[in-house]
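Residue numbers (our numbering), protein chains in the order written: chain V, 1 to 149; chain G, 1 to 115.
No lab work stands behind these hints: they were computed from the structure.
A couple of the hints might just be wrong.
No more than 25 Å apart at the CA atoms, straight line, and that leaves these computed lysine to any residue pairs for SDA-like [to be verified]:
| hint | chain 1 | residue 1 | chain 2 | residue 2 |
| --- | --- | --- | --- | --- |
| 1 | G | K95 | V | P90 |
| 2 | V | K64 | V | S17 |
| 3 | G | K36 | V | L15 |
| 4 | G | K44 | G | D104 |
| 5 | V | K20 | G | G25 |
| 6 | G | K85 | V | R39 |
| 7 | V | K104 | V | A115 |
| 8 | G | K95 | V | A115 |
| 9 | G | K85 | V | G107 |
Chain by chain, the residues run as shown.
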Amino acid sequence: MTAPQRVSYRMESTLESVNKAEEMAEQIASQAGYDEDTRGGISMAVREAMINAILHGNAYDPVKRVNLSFEQNGEELVVTVTDQGKGFVPAEVPDPLAPENLLKQSGRGIFLMRAFMDEVRFRKLNPGTEITLIKRLQSKELDRQEAST
Amino acid sequence: MSMKASTRQVDGVTIVDLSGRITLGEGSVVLRDTIKDLLGKGQKKILLNLGDVSYIDSSGIGELVSAFTSVRNQGGELKLLNLTKKVHDLLQITKLYTVFDVKDDEATAIAAFNK
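Chain V on its own, in the form it takes in the complex (with noise of 0.2 Å):
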């Protein structure tokens, strides 16, 4: 297992961010050794823990922060995203896939955080919600990471 290297930001409220999120995860998943199909998953979990503390959690405020963070050890790669807005109860979102949701606009970003990365949790802190969302290296990538060292 090679030395953690840990990144984090402290980012606006705004739509910028989301967008410069998600480009800094393609970057740091495209160095970490992911297959393409793998960052772009990524990238978009990213983008929607982002989208989740901005929009619903900080709800666009000027003045709250929203802090990411970037961790990988050669295994996986974990990556944070906290707000401080008022919480949710994750088990209380509507499932997007029940047939009485199919059509609705929103409430999707859950499920493809889930759909994307090995495990998705969540803690509710005083205030907001801090969203850890993980994927592991597969044995094929972690194999090319070994080829290139």
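Given the structure of chain V, go ahead and fit chain G onto it with the hints provided.
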């Protein structure tokens, strides 16, 4: 990259050629305004060409669903054309692939609208 939408008419069907990203913010707004404008003009047979749409997020998916229901509620039809693999996969996992009428050939898509 922002999104662009341009429209053309073929056999009574309005084809909307979209390019770029349908995401929270500008991309979703462009799509919403385009559909609103077409419905306002009474154009209710709409084919969204997504061949040059590189990326859609949850907000963009929501906007597609909203376009679909708005057109249907006004007695019209909305179909999707030329999905990229990424967009196709996204509609599959969100179970929307079967909700939308998806075509991969423009002539076939136009012929499939109720005349």
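Here is what the structure says about each hint:
Pair hint G/K95 plus V/P90 holds up; C-alpha atoms about 21 Å apart against a cutoff of 25 Å. Straight-line distance between C-alpha atoms of V/K64 and V/S17 comes to about 13 Å, which keeps the hinted pair within the 25 Å bound. Distance check on the hinted pair: G/K36 and V/L15 sit about 24 Å apart at the alpha-carbon level, within 25 Å; holds. Of the supplied pair hints, the one linking G/K44 and G/D104 holds, its CA atoms being roughly 20 Å apart against a limit of 25 Å.
Between the alpha carbons of V/K20 and G/G25 the distance comes to roughly 14 Å, so the proposed pair stays at or under 25 Å and holds. About 15 Å separates the Cα atoms of G/K85 and V/R39, which keeps this hinted pair within 25 Å; it holds. Simply put, V/K104 and V/A115 have alpha-carbon atoms about 19 Å apart, close enough for the 25 Å limit, and the pair holds. A hinted pair counts as satisfied when its Cα atoms are at most 25 Å apart, and G/K95 with V/A115 qualifies at roughly 13 Å.
A threshold of 25 Å between alpha carbons decides the hint, and for G/K85 with V/G107 the separation of about 23 Å falls inside it, so the pair holds.
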